[in-house]
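Asker: Okay, here's what each chain looks like letter by letter:
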Amino acid sequence: SQTIHQWPATLVQPVGSPLSLECTVEGTSNPNLYWYRQAAGRGLQLLFYSVGIGQISSEVPQNLSASRPQDRQFILSSKKLLLSDSGFYLCAWSVIHEQFFGPGTRLTVL
Amino acid sequence: KNEVEQSPQNLTAQEGEFITINCSYSVGISALHWLQQHPGGGIVSLFMLSSGKKKHGRLIATINIQEKHSSLHITASHPRDSAVYICAVSRGSGGSNYKLTFGKGTLLTVNP
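Protein chains in written order, with this note's numbering: chain A, 3 to 112; chain D, 338 to 449.
Be careful, since some hints might not be right.
In silico SDA-like links for lysine to any residue, alpha-carbon gap of 25 angstroms or less [stated by the list, open to error]: (1) 405/D x 386/D; (2) 405/D x 98/A; (3) 441/D x 12/A; (4) 392/D x 344/D.
A partial selection of chain D residues facing chain A, derived with a Cβ cut-off under 7 angstroms [as the list claims (entries may be wrong)]: (5) 365; (6) 376; (7) 427.
In case anyone wonders, no lab produced these hints; they're calculated from the structure.
By construction, the Cβ of each residue, glycine as well, lies at the ideal position given by its N, Cα and C atoms.
Okay, chain A solo, but in the shape it has when bound:
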């Protein structure tokens, strides 16, 4: 069966520090991968998606970047965090329409 992992589960970082969130999927090949963010009091927003290794599409201009170095690995990064980067970050995968979500990372930028 398929499993999706995210780490860390929670993170508190100072403004201006770097960020690396990792997502890995098991039990499937060549999935579409997604990074979503849920800011406090707001709905989910798609940040990045990837249809294959090295292929990244960005949905909104922002302080973040994403990479897909392996088929089942998706990484969300920032060189310098802003206060507005705080939120709940979810990774998801799909093969066709149905999406499966990871447990999420709660990021607090102070």
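The hints should help you fit chain D onto chain A, whose structure is shown.
Answerer: Then chain D, alone, in the frame of chain A:
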């Protein structure tokens, strides 16, 4: 105007009540999703549908493609149903168009 609108934003019910959450969308879609988010933040996919009706236990989801409207029903509600319910749509076909556009969610509280 958001592409996906949900109502109500908040809903409080007594245990046992029949609950309906509505979702309207303004774009052509290939699938509509109902998701459940518990207080810890984790999200579970409840339904994905493109026509008609689906049922899973006490949950029923319906969609009317012509009216661009979907409803999520919970029969015999229970306090453990308390969560945020999110409607989302996906469009087109092919890898890039499986990305989801979300409603803002409905916070459901079921009191014992």
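Asker: If a hint holds in the structure, say so; if it doesn't, say that too.
Answerer: Verification of the supplied hints:
Among the hinted pairs, residue 405/D with residue 386/D is consistent with the structure: their alpha-carbon atoms are about 13 angstroms apart, no more than 25 angstroms. For the proposed pair residue 405/D and residue 98/A, the alpha carbon gap of about 22 angstroms is at most 25 angstroms, so the pair holds. At most 25 angstroms may separate the alpha-carbon atoms for a hinted pair to count; residue 441/D and residue 12/A meet this at roughly 23 angstroms. For the hint pairing residue 392/D with residue 344/D, the CA-to-CA distance comes to about 21 angstroms; that is within 25 angstroms, so the pair holds.
Evaluation of the residue 365/D hint against chain A yields a violated restraint, the C-beta minimum of about 14 angstroms exceeding 7 angstroms. Using the Cβ-Cβ criterion of 7 angstroms, the hint placing residue 376/D at the interface with chain A is not satisfied: the shortest such distance is roughly 12 angstroms. Checking residue 427/D against chain A: minimum C-beta separation of about 5 angstroms stays under 7 angstroms; hint holds.
In this structure, the earlier hints numbered 5 and 6 are contradicted, and the remaining ones agree with it.
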